[in-house]
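2 protein chains.
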Amino acid sequence: MSSFAQAHRLPAGPVDLTAIDPAGHPAYDGSKEEGEAALEALGPELADLQERLYANKESGRNVLLVLQGMDTSGKGGVLEHTVGLVSPAGVKVTSFKAPTDEEKAHDFLWRIEKALPPAGLIGVFDRSHFEDVLIVKVHEWADAAEIERRYEAINVFEQKLVDSGTIVVKCMLHISPEEQKSRLLARLDDPTKHWKFNPGDLDERALWPAYRDAYEIALERTNTAAAPWHVIPSDRKWYRNLVIGHLLLDALRGLDLQWPVADFDVEVEKQRLADEEPIA
Amino acid sequence: MSSFAQAHRLPAGPVDLTAIDPAGHPAYDGSKEEGEAALEALGPELADLQERLYANKESGRNVLLVLQGMDTSGKGGVLEHTVGLVSPAGVKVTSFKAPTDEEKAHDFLWRIEKALPPAGLIGVFDRSHFEDVLIVKVHEWADAAEIERRYEAINVFEQKLVDSGTIVVKCMLHISPEEQKSRLLARLDDPTKHWKFNPGDLDERALWPAYRDAYEIALERTNTAAAPWHVIPSDRKWYRNLVIGHLLLDALRGLDLQWPVADFDVEVEKQRLADEEPIA
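Protein chains in written order, with the working numbering: chain U, 1 to 280; chain L, 281 to 560.
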């Protein structure tokens with residue numbers, strides 16, 4: 001486990017998000033510029049391991065990166081800067097929005113199952129099944145018994161994923177309300193960012209303490225050995241991106257991916273090419 | 281239209297692939313290193329336009345990049361080096377393999393429809409519906425009348441796509457049989473590339489003239505004004521990637537994507553943030 005995972009893997013037990021500094025960078029003491037360069041430097045190994053994962057797709061292994069966090073916490077930035085270090089051919093990104101009528105007519109995990117990455121790919125969930133115990137809990141769109149049922153359903157679901165060969169990397173992008181305020185103001189000040197803003201964002205922001213409670217409970221209840229949570233200090237974008245780069249690297253390295261050995265006779269094939277008729 | 285599109289958009293009429301130099305680089309006379317740097321230099325504008333496309337998803341517009349070519353022609357390389365210049369969150373890549381039993385039980389366009397990009401995204405087809413008039417024709421897995429039907433069905437399908445707001449960019453990655461031989465030998469010489477090789481690749485290679493014929497007919501029959509073909513000289517990987525970068529840029533620029541104007545009162549929202557109660 002990297003020092004990044006050690007620093008940010010959530011320990012078992014009750015969760016107090018106020019005790020985790022959203023601006024901290026405990027696993028890296030370089031500057032912003034150095035941190036950005038350090039992330040870039042992970043690119044070649046990440047790209048190599050992604051290709052090895054794909055090459056080994058017959059093994060059934062894959063990786064699922066789950067990104068959760070309050071609005072402006074930077075899920076899109078992680079996609080662009082960290083996930084963008086590997087070939088898009090090796091990545092399946094799903095951005096979960098408000099469920100459709102069809103999705104609402106099924107259990108909350110139905111649309112999640114459909115979005116799982118195939119073997120050999122890195123799946124990324126930009127928001128996820130955790131919305132169903134976060135926004136849904138905060139707004140009381142489901143009753144307490146149903147929310148309670150969902151924590152366990154999530155754990156069973158994720159255990160099944162892990163058992164079937166998926167490495168699940170769960171990341172909560174932890175920002176401070178002050179940083180969110182600053183990012184929302186920056187959006188409002190920049191006409192090229194207005195499309196990212198919705199007045200409803202401020203209504204949700206006003207529910208910050210309720211969201212924090214919902215996160216704390218969800219993190220505690222679903223922080224399993226099979227699929228542990230990481231709480232990523234995200235007030236500094238470069239640190240957030242760097243930590244997740246390392247978590248992705250840890251996941252891929254942990255698979256110990258070797259290049260598949262040829263199941264054909266290499267010399268025979270070379271000879272066939274050497275002996276072929278000229279192509280007109 | 282960029283000089284790259286001008287150089288490589290296929291003119292109407294019969295197609296003679298032997299008249300197009302696969303090693304040519306008519307739209308760019310710099311060196312390989314310069315060409316690679318020129319592609320990298322497209323990155324910021326491509327990323328900006330991809331974000332604008334996403335921001336405008338309500339408009340229903342999107343882009344579909346279709347990559348076709350013989351084995352080793354570099355579809356994966358285009359994905360990594362050209363498509364990889366934009367955020368993976370804005371891209372939906374579909375790699376078409378041999379159809380499944382379920383897919384075979386439907387019309388050949390059924391799985392293609394399902395893989396179309398949603399509004400706001402750049403879809404990329406790594407192989408496509410054209411396999412159904414290429415490998416299928418070469419191996420006579422469908423009769424002549426069915427192949428004939430498919431050309432027109434493809435044109436109707438693509439016209440519908442274009443009418444509904446999709447820019448379709450069709451690229452045939454044109455390599456020489458000599459270059460393919462060299463790339464196949466390189467794969468055989470490198471144990472980290474053996475997984476990409478299949479003895480069946482040499483059986484297909486032996487059918488090169490039949491594939492060339494099938495490509496020439498398919499290109500001619502489906503080279504419509506709505507969705508024209510580009511034949512990209514692909515013996516030089518850097519030139520292939522650069523041309524497709526420019527074609528993607530042309531497509532996105534052609535959409536004239538403006539940042540959406542706020543549908544809320546920006547000053548009111550700023551004031552709400554300024555007036556809010558402190559978040560505990």
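If you are wondering where the hints come from, they were derived from the structure by calculation, not from laboratory data. A quick note: this is a predicted structure, and the numbers were derived from the prediction, not measured. Errors might be hidden in some of the hints.
In silico EDC-like cross-links for lysine to aspartate or glutamate, where the CA-CA straight-line distance does not exceed 20 angstroms [as the list claims (entries may be wrong)]:
1. Lys-473(L) / Asp-190(U)
2. Lys-372(L) / Asp-16(U)
3. Lys-270(U) / Glu-459(L)
4. Lys-237(U) / Asp-275(U)
5. Lys-550(L) / Glu-45(U)
6. Lys-57(U) / Asp-406(L)
7. Lys-550(L) / Asp-201(U)
8. Lys-461(L) / Glu-80(U)
9. Lys-196(U) / Glu-40(U)
10. Lys-461(L) / Asp-275(U)
11. Lys-473(L) / Asp-48(U)
12. Lys-377(L) / Glu-58(U)
13. Lys-270(U) / Glu-484(L)
Cross-check of the supplied hints:
Proximity of Lys-473(L) to Asp-190(U) is assessed by CA-CA distance (about 47 angstroms); at most 20 angstroms being required, the pair is judged violated. With a C-alpha separation of about 38 angstroms, the suggested pair Lys-372(L) and Asp-16(U) falls outside the 20 angstroms cut-off, and the hint is violated. Distance check on the hinted pair: Lys-270(U) and Glu-459(L) sit about 15 angstroms apart at the alpha-carbon level, within 20 angstroms; holds. Of the pairs offered as hints, the one joining Lys-237(U) and Asp-275(U) is violated, with about 57 angstroms between alpha carbons and a cut-off of 20 angstroms exceeded.
Between the alpha carbons of Lys-550(L) and Glu-45(U) the distance comes to roughly 43 angstroms, so the proposed pair goes past 20 angstroms and is violated. For the given pair, Lys-57(U) sits about 17 angstroms from Asp-406(L) by alpha-carbon distance, which is consistent with the 20 angstroms threshold. With a CA separation close to 12 angstroms, the supplied pair Lys-550(L) and Asp-201(U) stays within the 20 angstroms bound. The hinted pair formed by Lys-461(L) and Glu-80(U) fails the criterion: a straight-line CA distance of about 36 angstroms is larger than 20 angstroms.
Restraint check for Lys-196(U) and Glu-40(U): not satisfied, since their Cα atoms lie roughly 27 angstroms apart, outside the 20 angstroms limit. In summary, the hint linking Lys-461(L) to Asp-275(U) is supported, as the alpha carbons are separated by about 12 angstroms, within the 20 angstroms threshold. Distance hint between Lys-473(L) and Asp-48(U) is fulfilled; the C-alpha atoms sit about 12 angstroms from each other, no more than 20 angstroms. With a C-alpha separation of about 14 angstroms, the suggested pairing of Lys-377(L) with Glu-58(U) holds against the 20 angstroms cut-off.
Restraint check for Lys-270(U) and Glu-484(L): the C-alpha separation of about 15 angstroms stays at or below 20 angstroms, so the hint holds.
In summary, the structure is inconsistent with hints 1, 2, 4, 5, 8, 9 from the numbered list given earlier, while agreeing with the others.
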